[in-house]
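Engineer: With the hints as constraints, model all of the structure from the sequences given.
There are 2 protein chains.
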Amino acid sequence: MSDPNDQPLVIFTPSGKRGRVAPGTTVLAAARQLGVDLDSVCGGRGICSKCQITPSYGQFSKHGVTVHEDALSEWNKVEQRYDDKRGLKQGRRLGCQACIQRDVVLDVPPESQVHRQVIRKSADTRPMVMDPATRLYFVEVAEPDMHEPSGDFERLATALKEQWKVEAVTADPSFLAKLQGVLRKGDWQVTVAVHADHTGATPRVLDIWPGLHEGGLFGLAIDLGSTTIAAHLTDLETGEVKAASGLMNPQIRFGEDLMSRVSYVMMNPGGEKELTAAVRGALADLAKALAKEAGISPDLIVEATIVCNPVMHHLLLGIDPTELGQAPFALALSEALSLPAGDLDLTTINTRARTYILPCIAGHVGADAAAVSLATAPEMSDELMLVIDVGTNAEILLGDKSRVLACSSPTGPAFEGAQISSGQRAAPGAIERVEINPETKEPRFRVIGVDHWSDEDGFAAAAASTGVTGICGSGIIEAVAEMRMAGLIDPSGLIGSAEQTGTARCEAEGRTHSYVIYDGTDEGGPKVSVTQGDIRAIQLAKSALYAGAQLLMDERGAEKVDRIVLAGAFGAHISPKHAMVLGMIPDAPLDKVTSAGNAAGTGARMALCSVAARRQIETGVGKITKIETAIAPRFQEHFVAANAIPHATAPFPELSSVVNLPTVSFNTGGDGSGGNRRRRRRG
Amino acid sequence: MSDPNDQPLVIFTPSGKRGRVAPGTTVLAAARQLGVDLDSVCGGRGICSKCQITPSYGQFSKHGVTVHEDALSEWNKVEQRYDDKRGLKQGRRLGCQACIQRDVVLDVPPESQVHRQVIRKSADTRPMVMDPATRLYFVEVAEPDMHEPSGDFERLATALKEQWKVEAVTADPSFLAKLQGVLRKGDWQVTVAVHADHTGATPRVLDIWPGLHEGGLFGLAIDLGSTTIAAHLTDLETGEVKAASGLMNPQIRFGEDLMSRVSYVMMNPGGEKELTAAVRGALADLAKALAKEAGISPDLIVEATIVCNPVMHHLLLGIDPTELGQAPFALALSEALSLPAGDLDLTTINTRARTYILPCIAGHVGADAAAVSLATAPEMSDELMLVIDVGTNAEILLGDKSRVLACSSPTGPAFEGAQISSGQRAAPGAIERVEINPETKEPRFRVIGVDHWSDEDGFAAAAASTGVTGICGSGIIEAVAEMRMAGLIDPSGLIGSAEQTGTARCEAEGRTHSYVIYDGTDEGGPKVSVTQGDIRAIQLAKSALYAGAQLLMDERGAEKVDRIVLAGAFGAHISPKHAMVLGMIPDAPLDKVTSAGNAAGTGARMALCSVAARRQIETGVGKITKIETAIAPRFQEHFVAANAIPHATAPFPELSSVVNLPTVSFNTGGDGSGGNRRRRRRG
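Order-wise, the sequence lines are chains A and B.
In my numbering, each number is its position in the first sequence, counted from 1, plus 32.
In my numbering, each number is its position in the second sequence, counted from 1, plus 32.
Bear in mind the hints are in silico, worked out from the structure with no lab data behind them.
Computed from a prediction, not measured in an experiment: that's the story for all the values here.
Beta carbons: idealized from backbone N, C-alpha and C, even for Gly.
Errors might be hidden in some of the hints.
As a list, the in silico BS3-like pairs of lysine-lysine whose alpha-carbon atoms are at most 27 Å apart [stated by the list, open to error]:
(1) B:LYS655 - A:LYS197
(2) A:LYS655 - B:LYS193
(3) B:LYS305 - A:LYS320
(4) A:LYS305 - B:LYS320
(5) A:LYS210 - B:LYS305
(6) B:LYS305 - A:LYS658
(7) B:LYS655 - A:LYS655
Examples of chain B residues lying across from chain A (beta carbon under 8 Å, computed) [to be verified]:
(8) MET178
(9) SER206
(10) LYS658
Structural biologist: Given below as C-alpha cells:
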C-alpha cells in the first residue's frame, strides 16, 4: 500500500467535504466515500447524467491545492456518447465516468444534489431541502433461471438491495400485474419508483418503466380549505411547482361555513357521505386538471400531501364530524396519516400513489395549522413570534425555541367579507384598499382588477369592465381602520353623525350612521357603505382574534411579542398598520409584522418534498401546548377588552409612535352596542 | 419482605409450570408471572370468562403439595354475578377474580388457553396450535379532555398499549369512520380486533364493538384449485371449522385445464382480466355462502388464507400467467403476500379483512404445494418421506430433517377420469372401486352413492337412482391395477385377447382389446370398458408421477423411501396397494403408504390459525431444493422405464412380498405401444 498522503486530494464544493481517494476512483464513488450528496438514478452507468459535476482548475489557496489539467481522466466513450446524444454543459463531467487522478476541486451544482435546497418563497418560511419519500432507481434485474427458480419480483427486490441498499420492498398486486411485461420490454433494465417514508413501513415499489425513466416524478400539495381547495403540482426531484390551481370546495352547497356543514350532517343521517364524496370528487378533478395543465401523464403523480382544518380532515376521511361541533371537540384521529390514494378515491393519479395527511394539533387546530407551523417554524425562532393564520377560524401560534402554544379562535367570516352589508369575496370589482383623508374625510379606494386608485385619472375607464361591486375582507379592514384614523368612528366603534364628523358621507340610518365609500346608484350600481353593523361584525371578529393571541401571551407570561407573522392568502393582503389600528393583532414594531403568504400551502409542499419535514411536524405537534379558548376563563374578559378600537386598556406604544389616533367620542347616551348581537358581561 | 419460600406455591397443569407468588395474587396475574398460557379478552374485569381454571384439592405427591379448601379466596361479587348471569361450570373459577392464598394446583382447560392445540385430523398432518394473527382485546379508553386534546384513536392506541402491550396500532379510514360512535355507545369500553402478523407490519385495528364482543372472530381457509374452490370457515379462537363448502372454479368456461387458460390469455389480450374477475367473484360468493351456512355475520370474517397453484395464484392476483406457460416458467412473485381483502375484491366479508396468500415454491410448484409441505412437514421427519399431491399436476416432495426436495410433474388429467373412454368426475354413479377375480376374471365394483358392491344383493335397487354412469379416477386406477393382478394386461400394459386371457370380457377393438367392466346397454345405459387407450393414458400419467419421484430420489441419492404420504382429495381415495401395483409410486411397505387427506386445505387452515405456521412455511420454502423436471436430463429415461406396470427395471420387493403379479405377455409382434401418442427414445 502506498502512503495515503500520496493519494489525490478531492475537495467538493459547496459542501467543503474533502478527503483522499485511491487514484482512479470515479467522482461518484469518491462522493459516496466522503458522504457528499451527489445524485444518481442509473447507479453509475453513464445514462442518467444526474451526477454531473464541474471541475475547477488552477491554484486554490483557500483549499491549499493546485488543480492541474490532468486532475481527472480524459473523456471516455460513455461520456462522449452522452455528450453526442444529449449534450453536456460546458465544463461539466459525468461523475460516474470521470476518474480522479490528481488533486482536484469539484463543484456539485444544485441540480446534481439529491437534497438540494429549494429557494424559499418568503422570508418568513423556512428553506426547504429536497428529501422526497418517492425516488427513482435504475436497476439491472437478474433474468429468471430454471435452476434457481424465484419470482421476478424477488429478483427486482434483490437488485434494489444490492444496487441501491433499498431493502425488503413490497408491492401491490396491480404493480405485480405490470412487472413481468416491463422487465422484458426493458430487457431486464428498468427504473422503479420506490416510496420509503419515515413511518417505518416497508418501502413500496409504486411503479416501473422499461430502461431509464426520464419523465420525472410529481406530487400534489393540497391545501383543502372550507371555501377553496388549492393544489400545487410539484416536481419531486427539483421541488419546482409545475402547475398550481384551485377550485371552490363543492361542500359549500351543504353549508357556507364549517359549522353549518356539521349541522347538515347532524340533521341528515349519512349526510357525511355526501360531503365526503363531494370533496373527494373535487380533489380528483383538481388533480386531473393540474396534470393536464402541466402536460404530464397523471400516472407520474405518485404522491399527495393534504393540509386542512379538523372538520375538513374528518369529512375527507369519511368520518362524521359531529363530535367536532360540540364539547369536548374530540377528534377521531389527530396523528398524521399515510394512505393509499385510492382510500381517498383519488383515482385520477397513479393508482398506487400514496397520500400523506399532516397531523392535527387539536379539535379546533388542524393539519392546516400544523402546516403553518412547519412553514413558519416558531419553535426555531429566537424571538417570541406570533403566527396568525387568518380565515373563518383563526389559528394562532405563539412561541420561540423554548416553547410553542397554539389555539384557534372563532373569528367568524367577517374578515372574508361575509356578514358585511356590502361585503363580497375577493374578486374583480371588490374594493380591496381604502384611504380616507383625515382633513376632508373623503375616501379613495382601489378595486381588484384595476391598477388605478379611484381618484386617479383613468380609473373610470379602467373600472368599466369590472365595475365597483362591493368590498372584500382586506377592504373592510382598511376602511374601518381608516375611519378610526380619520376620526369617523370613536374607540368604542360608534360611527359619528354628519354633524359630529363634519362630512355628509356619514349618513343616518335609523338610530345609527353609516359611512358611504362609493355611491354608484346614479349609474345603476351599488352603494358601498360601512354600516354600524359592519363595524360591530369586524369588532367581534378582531376581538376574537386578539383575545386568542392574548390568551396565549398570558399562558406564556409575555407582555408583548417580538414578531408577528400573518399567514393565509388573506394575511398577504392585510396591511400591518391597518391591522394594528384595528387592534386585530397585539402591538408590535410595524416592521416586525410580516406576511408568510399561504403558509399552510407551503407546509403542504414541504411535507411533499421532504420526509424530514414530516418527521419534524409529527414530533412538533406533540410539543405544542394546546389552549382551548372555549374553556379558558379569561377569554371572555380579553374578548370584551379587545372590542374597543384598537383596545380598551392595552397601550399600543409601538402603534402610537407611528400613528396618532384622534380622541373622539360619539356616544350620546343611545345604545352604543348597536348591531352587537352577542351580549357580554363587561369585565 | 417475608421469606419467599413462605409464599404460596402455585402449580399449573397441564403445562407443569410452577412458582411462588405473593399471597392474594390473582390466578390470572400468577399465570402471567409464570408464563402460563391463560386467555383473557377483558383483561381481568371478570366479564369475558376466558380465564376459567379448575383448582384441585387434596394431596398431590407428584407435585409435593397438599391443597387445602381455602387455597383460593372465596367467591367475590364479580364471580358471583358472572355465575348468576351466565353460569360457571362445576368446579370452575374465574382466574382474574380468584386469589391465591395457599399452595394450589390449578388446571387450565383447553378452552382457556390462547395457544390451544387443535386436534389434528389425520396422522399425517402435524398438530396445529392456535396462534391467530387477529385477536380480540377488551379495552377501557380514556374519555376526551379539552385540557389535553388528543384523538379518540390515539387514546384507543394508548389503551391497547397500556392494557395489552399492543403497540403502535394503525387503522384504515373506514375504521376511523366507525370509531367515535362505537366508543360512545360502549361508554368508552370496547372490544377491538387487532391484526398483528409476523411480517413486521404495524398492528392494525380491524374492527370495534361496544362493550365485550362475544360473537367471536372467523377466518376462511381457501383451497383454490383449477377445478374446484373449497373453503373452510374457521373459528379464529378455537380453530373449529364452522362450515365448509366448495364450488366449481368458474374459470372452467375459459379452459378445463390450466394450460388452456394460459392459452386463452395468450390468444385474447386482456383475457386475464376476465379470468381474474371470474375467480374473485367465486371467492366472494363462496365467502357469503359460508357465512350464511354458519349463521354468522360476514363482518365477523376478518381473515382469509389462500393456497393455489402458480397459475391460479397469478390469475387471482390479476397477473398475466403467460410467463408460467413457457420456459423459464418465471413467477411474477413467489413470496407470501399479506393483502387487504379488498385488493382481491373479496368484499363480502369484513371490509377491513386481511388475506394471506402462501408462498409459491417455484414456477410449477405453487402455494398449494407449500401448504401440503406445511401440513405434512417432511422437514421434521426422521424417516425419508415422499409426499405426493395428486391432481392434474402432481406436486412431489421428498425429504427428511436433513433436506427437502420438490418438483412437479405433468401427470395430465387421466387420474381425474379425463381422457379416459368411460371416464367421468367423481360423482354419484361413477365406478370408484373395482375388484377382478383372478380365477374367473369377473369384475365387481362399487359406485359413488351406493353402499353395495355390484355383486351383492340389493345393488340393483340401490343403484337405481344413481345408475352406473362411468368410471372416476380412483376407479380407473383400481381397474388397471386389478387387470394387472388378474393377468388381463401384461407388464407392458397390453390387454390380452379373449383367447389369451380366457374371458369374453376382453373384446377386440380394432387392433387392440378392451375389458368390459359393466354393460348397461340392454337397459339403455353405458358400457364401461377399460380400453387399450385408457391403459396408455394411465401409463403416461403414472410414469410422469413415478419419474418425478425418482428424480428427487436420484438428487437425494436415495434407493428407496421410508414412507409415502398421498395428499389431495383424490389421494384419500387411492388404495395404496393398487397405486403400487400400477407403479404410480415407488416401492415401500404398504403400511407406510398413507393418506393425508386434503393436505393443501389443512395447510391453509394452519396458516389461518397460526402466524407461527406462516413464518414456518415462509422460511421452509426457501430451504426446499427445487428440481425442474422439464430440464432434468434423466427425467425422460425415468419416464420411459416407469411406463411398464409396475416398472421395467425397479424390483418392488415390498410389493412382491404381498402381491404376486402373474408373468404374462400379450405382445404378438403388433404395435404394443398402441395408443401411446408420445414417441420416446428408449434409454
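Engineer: Confirm or reject each hint.
Structural biologist: Verification of the hints:
1. B:LYS655 - A:LYS197: 24 Å, holds
2. A:LYS655 - B:LYS193: 21 Å, holds
3. B:LYS305 - A:LYS320: Holds: LYS305 of chain B and LYS320 of chain A sit about 26 Å apart, inside 27 Å.
4. A:LYS305 - B:LYS320: Holds. LYS305 of chain A to LYS320 of chain B sits at ~26 Å (cutoff 27 Å).
5. A:LYS210 - B:LYS305: 13 Å, holds
6. B:LYS305 - A:LYS658: 52 Å, violated
7. B:LYS655 - A:LYS655: Status violated; Cα separation ~49 Å.
8. MET178: This hint holds: MET178 of chain B lies near chain A, its Cβ roughly 5 Å from the closest one there, short of 8 Å.
9. SER206: 7 Å, holds
10. LYS658: Where the cut-off is 8 Å and the nearest Cβ of chain A is about 5 Å from LYS658 of chain B, the hint holds.
In summary, the structure is inconsistent with hints 6, 7 from the numbered list given earlier, while agreeing with the others.
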